[in-house]
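This note's numbering puts the first residue of the sequence shown at 1, with every later residue one more than the last.
Simulated from the structure, these hints should not be mistaken for laboratory data.
The C-beta atom is built at its ideal place from N, Cα and C for all residues, glycine as well.
Watch out, some of these pointers could steer you wrong.
Pairs of lysine-lysine, DSS-like flavour, derived with a Cα cap of 30 Å [to be verified]: (1) K296 x K281; (2) K321 x K308; (3) K142 x K207; (4) K142 x K128; (5) K211 x K21; (6) K92 x K2; (7) K281 x K211; (8) K70 x K92; (9) K321 x K166; (10) K321 x K296; (11) K142 x K37; (12) K166 x K308; (13) K37 x K211; (14) K308 x K128; (15) K166 x K2; (16) K21 x K128; (17) K128 x K70; (18) K142 x K281; (19) K128 x K92; (20) K2 x K128; (21) K21 x K37; (22) K92 x K21; (23) K2 x K308; (24) K21 x K142; (25) K207 x K37; (26) K211 x K142; (27) K92 x K37; (28) K281 x K267; (29) K267 x K296; (30) K37 x K128; (31) K281 x K166.
Computed Cβ-Cβ distance ranges for the label pairs, DEER-style [said to hold, decoys possible]: (32) M248 x T132: 29 to 39 Å; (33) E307 x E247: 15 to 25 Å; (34) E247 x T318: 19 to 29 Å; (35) P275 x K21: 47 to 57 Å; (36) D186 x A272: 17 to 27 Å; (37) L252 x A38: 20 to 30 Å; (38) K21 x L287: 39 to 49 Å; (39) Q69 x D186: 46 to 56 Å; (40) A176 x K21: 45 to 55 Å.
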Amino acid sequence: MKRIPNLPVVHNMPFSEIDEKRSVLLVTSAPAWNAVKANLRGLNIIETIEVAEATTDYWDNLQSSIANQKSEIVYAVGGGLVADASKYIASKLNLPLVVLPTALSVDAFITAASGIRRDGCVYYMETKVPETLILDLDTIAKAPASIRAAGITDVMSIATGAWDWKFAHERGMNPAGMEFIPWVYDNAQSILSGVLDCAEAAGRGDKDGLKTLYDCLAMEVQLCNQVGHSRPEEGSEHYFAYAVENEMGHGLPHGDLVGPGIMIMSKLQDQAAGPLEAALKACNIPLDRIPPEVVKRTLAELPVYCEKHGLAFGLAHTLGKQ
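Can you make the complete structure from the sequences, with help from the hints?
Printed below as a string of C-alpha coordinates:
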(Lines of atoms letter the chains of each structure in order from A and count residues from 1; the text may use other names and numbers.)
(Lines give C-alpha, C1' and ligand atoms only; values in the text may rest on other atoms or scores of the structure.)
Protein backbone atom coordinates (compact mmCIF):
# COMPACT_ATOMS: atom_id res chain seq x y z
CA MET A 1 0.00 0.00 0.00
CA LYS A 2 1.28 3.45 -0.87
CA ARG A 3 2.51 5.45 2.10
CA ILE A 4 0.17 8.20 3.32
CA PRO A 5 2.19 11.30 4.30
CA ASN A 6 1.56 13.00 7.61
CA LEU A 7 1.70 16.67 8.59
CA PRO A 8 4.61 18.31 10.40
CA VAL A 9 4.58 18.70 14.16
CA VAL A 10 3.63 22.34 14.72
CA HIS A 11 4.99 24.58 17.45
CA ASN A 12 3.06 27.82 17.82
CA MET A 13 5.84 30.03 19.22
CA PRO A 14 7.94 33.14 18.53
CA PHE A 15 11.03 32.67 16.38
CA SER A 16 12.99 34.46 19.10
CA GLU A 17 12.48 31.50 21.45
CA ILE A 18 14.24 29.02 19.16
CA ASP A 19 17.43 27.67 20.71
CA GLU A 20 18.98 25.22 18.24
CA LYS A 21 22.23 23.62 19.38
CA ARG A 22 22.69 21.43 16.32
CA SER A 23 24.65 22.77 13.35
CA VAL A 24 22.23 24.32 10.88
CA LEU A 25 22.11 24.47 7.11
CA LEU A 26 19.92 27.52 6.47
CA VAL A 27 17.84 27.63 3.29
CA THR A 28 16.28 31.03 2.75
CA SER A 29 15.78 34.04 0.47
CA ALA A 30 17.40 37.39 1.09
CA PRO A 31 14.15 39.36 1.65
CA ALA A 32 12.73 36.79 4.06
CA TRP A 33 15.95 36.42 6.03
CA ASN A 34 16.47 40.17 6.30
CA ALA A 35 12.94 40.54 7.65
CA VAL A 36 13.35 38.05 10.52
CA LYS A 37 17.05 37.45 11.18
CA ALA A 38 17.04 39.67 14.28
CA ASN A 39 14.67 37.17 15.90
CA LEU A 40 16.65 34.09 14.91
CA ARG A 41 19.86 34.49 16.84
CA GLY A 42 19.20 31.09 18.41
CA LEU A 43 20.17 29.24 15.22
CA ASN A 44 23.63 27.68 15.06
CA ILE A 45 24.10 28.40 11.33
CA ILE A 46 27.21 26.97 9.68
CA GLU A 47 26.04 27.09 6.02
CA THR A 48 23.53 29.24 4.14
CA ILE A 49 21.83 28.64 0.79
CA GLU A 50 19.79 31.40 -0.86
CA VAL A 51 17.19 30.12 -3.32
CA ALA A 52 15.95 31.94 -6.42
CA GLU A 53 14.76 29.21 -8.84
CA ALA A 54 12.62 26.06 -8.80
CA THR A 55 14.54 23.45 -10.79
CA THR A 56 16.33 20.36 -9.57
CA ASP A 57 19.50 21.23 -11.48
CA TYR A 58 19.63 24.56 -9.69
CA TRP A 59 18.99 22.97 -6.29
CA ASP A 60 21.63 20.31 -6.95
CA ASN A 61 24.15 23.01 -7.79
CA LEU A 62 23.32 24.87 -4.59
CA GLN A 63 23.71 21.72 -2.55
CA SER A 64 27.04 20.87 -4.19
CA SER A 65 28.37 24.32 -3.24
CA ILE A 66 28.10 23.59 0.49
CA ALA A 67 31.61 23.68 1.89
CA ASN A 68 31.35 22.00 5.27
CA GLN A 69 28.80 19.26 4.57
CA LYS A 70 28.60 18.87 8.37
CA SER A 71 25.14 20.25 9.04
CA GLU A 72 22.95 18.22 11.35
CA ILE A 73 19.62 19.81 10.48
CA VAL A 74 18.07 22.02 7.78
CA TYR A 75 16.10 25.15 8.64
CA ALA A 76 13.96 26.78 5.94
CA VAL A 77 13.10 30.44 6.48
CA GLY A 78 10.88 32.12 3.88
CA GLY A 79 8.07 31.34 1.46
CA GLY A 80 6.96 28.55 -0.84
CA LEU A 81 10.04 28.42 -3.06
CA VAL A 82 12.27 28.15 0.01
CA ALA A 83 10.07 25.40 1.44
CA ASP A 84 10.13 23.38 -1.79
CA ALA A 85 13.91 23.72 -2.17
CA SER A 86 14.54 22.83 1.47
CA LYS A 87 12.40 19.69 1.25
CA TYR A 88 14.41 18.58 -1.77
CA ILE A 89 17.79 19.38 -0.21
CA ALA A 90 16.94 17.87 3.20
CA SER A 91 15.72 14.73 1.47
CA LYS A 92 18.93 14.45 -0.56
CA LEU A 93 21.09 15.00 2.53
CA ASN A 94 18.90 12.75 4.71
CA LEU A 95 18.60 15.48 7.33
CA PRO A 96 15.65 16.56 9.48
CA LEU A 97 13.88 19.72 8.36
CA VAL A 98 12.33 22.59 10.29
CA VAL A 99 10.28 25.11 8.32
CA LEU A 100 9.71 28.68 9.48
CA PRO A 101 7.16 30.36 7.19
CA THR A 102 7.44 34.13 7.11
CA ALA A 103 3.97 34.39 5.52
CA LEU A 104 1.10 31.98 4.90
CA SER A 105 1.61 32.33 1.17
CA VAL A 106 1.18 28.69 0.00
CA ASP A 107 0.57 25.16 1.28
CA ALA A 108 4.10 23.99 0.35
CA PHE A 109 5.24 24.31 3.98
CA ILE A 110 3.37 21.13 4.91
CA THR A 111 3.22 18.98 1.78
CA ALA A 112 5.32 15.92 0.95
CA ALA A 113 6.29 17.12 -2.52
CA SER A 114 8.29 19.93 -4.10
CA GLY A 115 7.01 21.90 -7.06
CA ILE A 116 9.51 22.22 -9.89
CA ARG A 117 9.30 24.04 -13.20
CA ARG A 118 10.05 22.03 -16.30
CA ASP A 119 9.19 22.61 -19.96
CA GLY A 120 6.87 25.50 -19.14
CA CYS A 121 4.79 23.71 -16.52
CA VAL A 122 4.87 22.90 -12.78
CA TYR A 123 5.40 19.29 -11.74
CA TYR A 124 5.41 17.83 -8.25
CA MET A 125 8.06 15.38 -7.13
CA GLU A 126 7.92 13.50 -3.86
CA THR A 127 10.57 14.77 -1.45
CA LYS A 128 9.66 14.83 2.25
CA VAL A 129 7.35 16.34 4.81
CA PRO A 130 9.14 18.71 7.20
CA GLU A 131 9.46 17.13 10.62
CA THR A 132 8.66 20.43 12.32
CA LEU A 133 6.90 23.67 11.46
CA ILE A 134 7.28 26.70 13.71
CA LEU A 135 4.30 29.01 13.42
CA ASP A 136 5.08 32.53 14.63
CA LEU A 137 1.78 34.30 14.08
CA ASP A 138 3.17 37.68 15.13
CA THR A 139 5.81 37.45 12.41
CA ILE A 140 3.29 36.32 9.81
CA ALA A 141 0.93 39.15 10.76
CA LYS A 142 3.71 41.63 9.94
CA ALA A 143 4.38 40.16 6.49
CA PRO A 144 3.56 42.29 3.41
CA ALA A 145 -0.21 42.34 2.97
CA SER A 146 -0.08 40.88 -0.55
CA ILE A 147 1.56 37.64 0.64
CA ARG A 148 0.56 37.47 4.33
CA ALA A 149 -2.46 35.26 3.67
CA ALA A 150 -2.02 34.46 -0.03
CA GLY A 151 -2.10 30.74 0.81
CA ILE A 152 -5.86 31.16 0.89
CA THR A 153 -5.71 30.57 -2.88
CA ASP A 154 -4.49 27.00 -2.30
CA VAL A 155 -7.64 26.34 -0.27
CA MET A 156 -10.04 28.42 -2.34
CA SER A 157 -8.98 26.44 -5.40
CA ILE A 158 -11.25 23.75 -3.91
CA ALA A 159 -14.11 25.76 -5.46
CA THR A 160 -12.88 25.19 -9.00
CA GLY A 161 -10.68 22.11 -8.54
CA ALA A 162 -13.39 19.99 -6.89
CA TRP A 163 -15.83 21.19 -9.56
CA ASP A 164 -13.42 19.89 -12.19
CA TRP A 165 -13.10 16.56 -10.35
CA LYS A 166 -16.87 16.06 -10.41
CA PHE A 167 -17.04 17.32 -14.01
CA ALA A 168 -14.47 14.71 -15.04
CA HIS A 169 -16.37 12.01 -13.15
CA GLU A 170 -19.59 12.81 -14.98
CA ARG A 171 -17.73 12.33 -18.28
CA GLY A 172 -15.86 9.21 -17.24
CA MET A 173 -12.52 11.04 -17.47
CA ASN A 174 -11.05 10.38 -14.02
CA PRO A 175 -8.26 7.78 -14.31
CA ALA A 176 -7.79 4.85 -11.93
CA GLY A 177 -6.68 6.12 -8.56
CA MET A 178 -8.49 9.45 -8.96
CA GLU A 179 -12.07 8.21 -8.81
CA PHE A 180 -14.62 10.71 -7.54
CA ILE A 181 -15.46 10.17 -3.86
CA PRO A 182 -18.57 12.06 -2.69
CA TRP A 183 -17.63 12.26 1.00
CA VAL A 184 -14.20 13.66 0.11
CA TYR A 185 -15.86 16.23 -2.12
CA ASP A 186 -18.20 17.18 0.74
CA ASN A 187 -15.30 17.50 3.20
CA ALA A 188 -13.45 19.72 0.75
CA GLN A 189 -16.50 22.00 0.54
CA SER A 190 -16.53 22.25 4.33
CA ILE A 191 -12.87 23.32 4.36
CA LEU A 192 -13.66 25.88 1.65
CA SER A 193 -16.44 27.30 3.83
CA GLY A 194 -14.02 27.61 6.72
CA VAL A 195 -11.47 29.54 4.74
CA LEU A 196 -14.07 31.89 3.27
CA ASP A 197 -15.22 32.65 6.82
CA CYS A 198 -11.71 33.53 8.03
CA ALA A 199 -10.61 35.51 4.94
CA GLU A 200 -11.28 38.98 6.29
CA ALA A 201 -9.54 38.33 9.62
CA ALA A 202 -6.55 36.58 8.02
CA GLY A 203 -6.19 39.31 5.44
CA ARG A 204 -5.90 42.06 8.03
CA GLY A 205 -3.35 40.06 10.03
CA ASP A 206 -5.58 38.99 12.90
CA LYS A 207 -3.78 36.11 14.64
CA ASP A 208 -6.93 34.01 15.15
CA GLY A 209 -7.76 34.47 11.48
CA LEU A 210 -4.26 33.44 10.44
CA LYS A 211 -4.41 30.37 12.69
CA THR A 212 -7.72 29.38 11.08
CA LEU A 213 -6.17 29.84 7.64
CA TYR A 214 -3.33 27.55 8.67
CA ASP A 215 -5.86 24.99 9.96
CA CYS A 216 -7.68 25.06 6.62
CA LEU A 217 -4.41 24.64 4.73
CA ALA A 218 -3.51 21.69 6.94
CA MET A 219 -6.88 20.00 6.47
CA GLU A 220 -6.77 20.56 2.71
CA VAL A 221 -3.31 19.01 2.49
CA GLN A 222 -4.15 16.04 4.69
CA LEU A 223 -7.40 15.37 2.82
CA CYS A 224 -5.37 15.11 -0.38
CA ASN A 225 -2.79 12.96 1.41
CA GLN A 226 -5.52 10.53 2.42
CA VAL A 227 -6.85 10.05 -1.12
CA GLY A 228 -3.40 10.09 -2.73
CA HIS A 229 -3.92 12.96 -5.18
CA SER A 230 -4.81 16.66 -5.33
CA ARG A 231 -7.98 16.58 -7.43
CA PRO A 232 -10.15 18.00 -4.63
CA GLU A 233 -8.16 21.24 -4.71
CA GLU A 234 -6.26 21.48 -7.97
CA GLY A 235 -7.82 21.94 -11.37
CA SER A 236 -8.24 24.42 -14.17
CA GLU A 237 -7.40 27.41 -11.96
CA HIS A 238 -3.92 26.00 -11.35
CA TYR A 239 -3.53 25.00 -15.01
CA PHE A 240 -4.24 28.60 -15.97
CA ALA A 241 -1.67 29.78 -13.41
CA TYR A 242 0.99 27.40 -14.74
CA ALA A 243 0.35 28.42 -18.34
CA VAL A 244 0.11 32.17 -17.80
CA GLU A 245 3.39 32.19 -15.87
CA ASN A 246 5.13 31.47 -19.16
CA GLU A 247 3.94 34.85 -20.39
CA MET A 248 4.25 36.78 -17.13
CA GLY A 249 7.62 35.40 -16.04
CA HIS A 250 8.53 34.00 -12.63
CA GLY A 251 8.31 37.32 -10.79
CA LEU A 252 4.68 37.15 -9.68
CA PRO A 253 3.81 35.33 -6.44
CA HIS A 254 1.81 32.11 -6.61
CA GLY A 255 -1.36 33.77 -5.32
CA ASP A 256 -1.24 36.49 -7.97
CA LEU A 257 -1.60 33.77 -10.62
CA VAL A 258 -3.92 31.29 -8.91
CA GLY A 259 -6.27 33.99 -7.59
CA PRO A 260 -7.19 35.26 -11.07
CA GLY A 261 -7.36 31.63 -12.20
CA ILE A 262 -10.02 30.93 -9.55
CA MET A 263 -12.07 33.92 -10.64
CA ILE A 264 -11.82 33.14 -14.36
CA MET A 265 -12.63 29.45 -14.01
CA SER A 266 -15.41 29.86 -11.45
CA LYS A 267 -17.22 32.17 -13.87
CA LEU A 268 -16.70 29.76 -16.77
CA GLN A 269 -18.09 27.01 -14.52
CA ASP A 270 -21.18 29.16 -13.88
CA GLN A 271 -20.46 29.33 -10.17
CA ALA A 272 -21.41 32.25 -7.92
CA ALA A 273 -18.07 34.05 -7.97
CA GLY A 274 -19.00 36.95 -5.68
CA PRO A 275 -18.05 35.30 -2.36
CA LEU A 276 -14.80 34.04 -3.89
CA GLU A 277 -13.87 37.49 -5.14
CA ALA A 278 -14.68 39.06 -1.78
CA ALA A 279 -12.43 36.58 0.04
CA LEU A 280 -9.54 37.08 -2.37
CA LYS A 281 -9.78 40.83 -2.04
CA ALA A 282 -10.00 40.57 1.76
CA CYS A 283 -6.67 38.72 1.67
CA ASN A 284 -5.18 41.40 -0.60
CA ILE A 285 -4.74 39.07 -3.57
CA PRO A 286 -4.25 41.24 -6.69
CA LEU A 287 -6.66 40.25 -9.44
CA ASP A 288 -5.49 42.74 -12.08
CA ARG A 289 -1.81 41.93 -12.58
CA ILE A 290 -2.40 39.87 -15.73
CA PRO A 291 -3.22 41.98 -18.82
CA PRO A 292 -6.55 41.10 -20.50
CA GLU A 293 -4.84 40.20 -23.77
CA VAL A 294 -2.60 37.73 -21.93
CA VAL A 295 -5.63 36.18 -20.24
CA LYS A 296 -7.39 35.81 -23.58
CA ARG A 297 -4.35 34.27 -25.25
CA THR A 298 -3.73 31.87 -22.38
CA LEU A 299 -7.33 30.65 -22.34
CA ALA A 300 -7.20 30.05 -26.09
CA GLU A 301 -4.05 27.96 -25.72
CA LEU A 302 -5.06 26.18 -22.51
CA PRO A 303 -6.66 22.99 -23.97
CA VAL A 304 -3.53 22.17 -25.97
CA TYR A 305 -1.34 23.08 -22.98
CA CYS A 306 -3.30 20.70 -20.72
CA GLU A 307 -3.02 17.84 -23.19
CA LYS A 308 0.69 18.46 -23.74
CA HIS A 309 1.48 18.28 -20.04
CA GLY A 310 -0.90 15.45 -19.18
CA LEU A 311 -2.93 17.48 -16.69
CA ALA A 312 -5.92 15.78 -15.10
CA PHE A 313 -9.14 16.43 -17.02
CA GLY A 314 -11.10 19.55 -16.21
CA LEU A 315 -12.96 22.44 -17.79
CA ALA A 316 -9.70 23.85 -19.17
CA HIS A 317 -9.45 20.88 -21.55
CA THR A 318 -12.79 21.78 -23.14
CA LEU A 319 -12.49 25.53 -23.65
CA GLY A 320 -13.48 26.44 -27.19
CA LYS A 321 -14.84 22.92 -27.80
CA GLN A 322 -18.29 23.18 -26.21
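**Request:** Would you list, in rising numerical order, the hints stated earlier that this structure does not obey?
**Result:** Violated hints: none; all satisfied.
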